[in-house]
Each structure stands twice: as C-alpha cells, then as structure tokens.
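Enquirer: Going line by line, the protein sequences match chains A and B. Under numbering that gives the first Met the number 0, the residues of the first sequence are numbered 0 to 191, in order. Under numbering that gives the first Met the number 0, the residues of the second sequence are numbered 0 to 93, in order.
I should point out that these hints are in silico values taken from the structure, not numbers from a laboratory. One or more of the hints may lead you astray.
[Claimed, not checked] Incomplete in silico selection of chain A near chain B, CB under 7 Å:
#1 V23
#2 E90
#3 R129
#4 R144
[What the hints assert, rightly or not] Away from chain B, derived, C-beta distances all over 10 Å, residues of chain A:
#5 A19
#6 E70
#7 G83
#8 E86
#9 P128
#10 V145
#11 V147
#12 V148
#13 D149
#14 A152
The beta-carbon is built from N, C-alpha and C at its ideal position, and this holds for glycine as well.
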Amino acid sequence: MSVQDTADERLLRAVVDLLAQKAVATPAEIAERIAITDAASPAQGARMVARAWVDPEYRALLLADGTRAAEAMGIPMRGAPPLGVLENTPELHHLVVCTLCSCYPRAVLGYPPFWYKSAGYRARAVRDPRGVLADFGTVLPEDVRVRVVDSTADFRWMVLPLRPAGTEDWDEARLASIVREGDMIGVTLVSP
Amino acid sequence: MMLTPGQRVRVRDDWPETRGPCHIRTPHYVRGRHGVVVRYLGDFANPEDLAFARPAALLPLYHVRFDPHAIWREPHAGDEVLIELFGHWLEEET
C-alpha cells in the first residue's frame, strides 16, 4: 500500500467503479464534469458581463436567457440549473442570497466565496441588505432601490453590474479584467 | 391555475416541518405574507417529492415580489425581496 492509498481514495475508487458498473456515469463523464467544475470561475461571468457592456445584442440575450448567453461564450451549461441574469440600473441594485442553503451560479462563477454560505450573510442580506452592503464598503445613493433576490428554487442568479464611468474607450478584455465575483453577486460595485 | 404578472397573492401560512420530515423551498419569513407575481419562470419538478426520491410532478415556478417593510418593519422604503415560489404555495387575492 502506497502512502497515497488512503481510505478516502479507496472509497472514491469504489464509488466510481460502482457508478460505471451500474451504468450511472462512466469514468470519462466524471472526468469531464471535474474538468468543467475546475474551469468554472468568476472570470467566466466577467467575460459575459464585459461582452454585454460592449454588445447590445449580447446584452439582450443575456437578460432574456442567461443559459444560452453562457453557452454562446463557450461555457458548458449542460446539466446546470437555468441561469437568470439581473440587470443593475442607476435606479435599481440587485443583491443575491440563498437563505435556504447556498444556491449559487457555479457554472459561471465557480465555487462561492466562503461568506456566501455563512448564516450571517444569509440572514442579514434579506433583512438588512444596506447594512451588508456597507460591510463590503458599498454605499448606494439614497434614491437607488435595492432588490434582494432570494435564490430559493431551480434558477441560479447572477447580477449584470453597471459599467463604471471612465471605461468608455476600454476594450472587452480590459473590461472583463475589472469585474469581480462580488460585483456579480451584488455586494460590490465595479470599480476601474 | 396559472398566475399572471401583477397578480396579488398570499403565501400559504403552512408549516409542514411541524408535521414531520419534509423538504420545502418556501422561506419561513414569507409564509402568510402578501406579495405580487412578477413573472412565471417555467415548470419544475416539485422539490418536496424530489428530495425523498418520490415521483415529482412538474409545477409552475414564479418570481414573487414582497415589500420587506411589511415583514420586518425596518428596511428602506422602496426596497424589495424577490423570491422563487412554487404555485401550490400561492393563494390568489383580489
């Protein structure tokens, strides 16, 4: 027995073998899914946001059907829950939370940040969204409405943030480089 | 029964967790509360059966808007909470 042959690894092999024997999933399918999961990161969502900022047709597709918009950027969405995209405007700011568990648009943002799953964020985001935003250093003008989106069921939600002033002559790649995961959850605003 | 955008609804004031094991996707803070249907999101398998590996019917899912001030008495005027709720949790109101 090598030092790497731990109980966890033996269990994993046994489960993978059983899934194959019972024709639930082949080792190749499992490897493909692991590769897709590893590739998912906020950089994927950021590319979608930047494209929407420069391409009005893509923006319309993104807001109408987030899943198709992700696929149009080459992001695999097969087997992922449907993706909805929430458009921030100068009058309306979106904040996403899952009060029941930790639903998150993993296909386009990757693993959620640790605080997204915390009881504190989940309880406070829905009741005191402006207090949560302030904790992240985000202060909205008084006349901006906040819409908290509690992700309770089958959709996953991503925010399309506002494009910051001063980026008018930036290209798509440079725009994508400034979009962070918090901007697409709605706890922060994009800053150049 | 399909609900249309703008329809006023009341979330059932029901607490299945007091009757035994269950899995529900309706947050406690909106039960018995009044909201407005924003849009129909599609039909999805009932998570209350899916969670127990029972045959699950497809049910309509809606985005429903609530006024947080009516729930907690403290938030900023004009803010709102938008929640995905299944049709069988919603009662039509006039």
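Enquirer: Evaluate each hint against the coordinates.
Expert: To see whether the hints hold, each was checked on the structure:
| no. | hint | verdict |
| --- | --- | --- |
| 1 | V23 | violated, 14 Å |
| 2 | E90 | violated, 10 Å |
| 3 | R129 | holds, 6 Å |
| 4 | R144 | holds, 5 Å |
| 5 | A19 | holds, 22 Å |
| 6 | E70 | holds, 17 Å |
| 7 | G83 | violated, 8 Å |
| 8 | E86 | holds, 13 Å |
| 9 | P128 | violated, 7 Å |
| 10 | V145 | violated, 4 Å |
| 11 | V147 | violated, 5 Å |
| 12 | V148 | violated, 5 Å |
| 13 | D149 | violated, 5 Å |
| 14 | A152 | violated, 4 Å |
Of the hints listed earlier, those the structure fails to meet are numbers 1, 2, 7, 9, 10, 11, 12, 13, 14, in rising order.
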